[in-house]
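Protein chains in written order, with the numbering used here: chain A, 1 to 423; chain B, 1 to 128.
Calculated cross-link-like contacts (lysine-lysine; reagent style BS3-like; alpha-carbon spacing at most 27 Å):
#1 A:K336 - B:K38
#2 A:K12 - A:K159
#3 A:K336 - B:K76
#4 A:K385 - A:K303
#5 B:K113 - A:K336
#6 B:K113 - A:K358
#7 A:K336 - B:K30
#8 A:K352 - B:K113
Keep in mind that the hints were calculated from the coordinates and are not lab data. In this text the structure is predicted, and so the values were computed from the model without any measurement.
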Amino acid sequence: MKFKLIYPRWQKLEGQTIFNLPPHGPVVMAAEIPDNIEIDFTDENVEDLIIDESPDFVGISMMLTTQVKRGWEIADEYRRLGKKVIFGGISTMLHAEETMLHADSVFLGEVEGRLGQVFLDFHKNDLKKIYNFISTPPEMSLIGPAKRDILKKDLYYHKGFRMVDLFHASRGCIYDCYPCAVRYLGGRGFRPRPIDRVVEELSQMDNNRLFIVDNSLALDTQWEKDLFKAMIPLKKKWVSHTIEDKDEVLDLAAQAGAWYVYQAVFDTSDYIKNRIKQYHEYGIAVEGTILLGLDNQTEDDIKRLVDFLLEIELDLAEFTVLAPFPHTKAYSDLLKQGRIFDTDWNHYNAGKVVYHPKHMSAERLGELYQYAWDTFYKDEPQTMKMFNLINKVVSREIADGTYTPRRRDIADLSFGKKVPKVA
Amino acid sequence: METNPDFNKYMDRYFNYAGQWDSPSKCGLKVIQRKDGKTLAIATEIYRQNPGTPVTEWCAPLATQIMNEVQCDTGKFIFVEHTPDLRSKLAFYEETFDLVNFEVDDQRFVNPKWSRLTPEQVDAMMEG
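Here chain B stands alone, though its shape is the one from the complex (with noise of 0.2 Å):
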């Protein structure tokens, strides 16, 4: 996958999780435990790389996978889609993150509302 050159800066590794009826899927993935107790991650979608369901399509599950696996609860766990730069002829595939707010259902997170941020709000949200 060509990406910029920042592209490494928002994942550390790859994640694999069961996407929508359960097709095998994979994105990427950086954890931060930041000073203020919170736990927060960013996906990064990682387009022809992911055989199964984008990360948009299924990041109430995904984000929920996610927190259960670095134990952290719903209150401080903070999500971040990132879609990377495909340097595509077309403006469709700029850089681009949001953060996803979430409803919470028995430990479950449900009904996300995305708000876009702009790289400088995201690092300073690493920053902590």
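Chain A extracted, bound-state conformation (with noise of 0.2 Å):
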């Protein structure tokens, strides 16, 4: 039996550099599906789809909410076709009700121990049209190793760069952030995985450069020491989000392997300053992730806090504007205010405003956006920064005997296609 398994494409925010990352929800999927079904994946960032009537039944795996229309219109074209289409992943769930309308079955919450029934049910002819595990996530010992090899794994590769893989030690969060759906994804608790389980799956991964993309690594002191101290030995590098500040912490996470964290900067205070001080100090580099369009914003203090950027020395800064997803306390708080005036789920995207900011237009927070990306990258753009960061981690790569140098067989290709030769 032949699953598709498909990851529709988004449009990407114009004017950025585009890195397409090797997706992590359909291969932590993967691992679920029963051994005797053969998976054919398609990642329609980085290859075309063909539509065709070859599969048996179609699953379709969405993270992103700019992800869905394009799901839903890929769903509707196999279902012409008589096949029966499933949707996953963490935007089926917080698109879940519009979703349904386009697909046979969903499935909301974590996989593991439970695809064998949906697959059964398929073969029965008795897909059901939800499988709600929301409430009810698995033991975290059964999250085995992701399945990496239903990817094609050159075509996640700029100019013979390899991209990170993504990879994760634990799910859900204590914490009720303004604009994150996590709670309503992973549960409100810290749920981190066993060590050895991480472990085992570190050990089988070829690519030394990771992104652990768990929410917050800051959850757990203990855990989060012994996960740095198993991962010492396996030579890593990785980028993450925070992790704690506590001096032994860094010192472990440094020893493990940490290349560079995502740390958000919500304002201009010495508590920030210190912080990315700190990271520097342990050899750490910090990408600040910067939301803009916050009610306690106004256009003076956007301005502020670029200034801010610069003077605290951040190796990169992400900008994005707020995005109000479904689930989030964002979203309730601008509906309940009737202030959303965009609900086209492709405009979701962090970076065209949808509601109407408080202190300024939605129009001129769209300026400010600009502007933050112009001026933090004025003196040295984003590409070199990149390779500055990349720079650092080869050096901590040929010193510790893990550098794999860049492939020159596809040297020419960016994530699959000719790269246009300069003139």
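Now that you have both chains on their own, put them together as the hints suggest.
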């Protein structure tokens, strides 16, 4: 039996450097698909999708809100051909009711231990409209290594440089952050994976560079320290979200291969300044994630924040405008206040303004978003700053013997497509 | 949950409800029988203590469930959403109150519309 698994494309932000990373949701799902099923995976961001009658069953895995409309289009086409379509992934959960209109089945929640029944139901022609496991997450010890061999690995190189592979060590979050839906998606508790299972998966990964996608590693000090200690011998180099600010934790993180972290910069306080300095003292670079358009930001606040980012010598910065994704407090608040004016999910890419900001017009916020990108990267472009970060990791890899040279055989390709020659 | 000192003024008990996708969910609840014969229900979002769907996202079915439990009818039922002050550094977690007006479809509330209330207005509503 052939199962066609699809990761729909989405439109990338204008003017931004495009890096297509190998997706995580589909490989986690694939690990739970029974062994006798042939999986044919297409990531539409790096290859064309050919819709035909060859699959027996179709799965669509969606991570982003900006993927859902394309996912629905694909499903509609397959269903016209008489194929059954099941949806899963985190944006399926965020948009479940709408997605059900385009699906034979939707899967809500985490897949471990659950997909065998889904495929059994499919074989019996008894697929359920909804598989709802939102409130019953699996035992964390059930989460095994993701099935990354479904990926066409050569498509995730840019000019011979391999992209990081995505990996997760925990799920859920104890916080209720304003723009975040993790409490809905992964539950309101922090659920770390057992360290031995994490190490088992890491040991099997042939990529030395990783992105640990966990919402935050800074939720359980002892587990965090145990994780970093266990990672040291593996010599991986990795990117992650926030790490705890305790010196002992940062020291272990650096030894375990912390390359750079995404750190939210929400004000111009000494706390933020010291936080960045502290990471740098341990040789960990910082990409600031800066959310624009919050109700406490005026135009002047945004301009001051951009100046501040340059002062504190962030290695990279990523600016986004608030996107009120469903199941976030931001969505609830703006909905209550009648401030959301655009509900086209393709526009929820964190680069377009879809609501009325409190202190300026939507148009002005869009201009300030562009101002932030332009000003931060005025003296040193994003590609150059990224190149500096890559140089840092290469030096460390050469020092510990893990460096893999750039692939010359595909140096003229970017994500599988020919790079135009510069005259 | 860290809350402001007036928190209990607006909450007498916890109320369990089946949220979206039947998620077990919980909010704070105060029900007041007013002198004018109307019933005021204040549902408080309790954040981390609520394992399921937030009050705002489920307010129409939640209001219907509360109304049925207190044996009221749609014309005499007033529903207020309360989000307590979480003492966060961020302004988004300050205390708010919203009066929620609904359309009624077959004795069920649908299509909520929110209007912001001051604490003084809520106190006056509690007096009836």
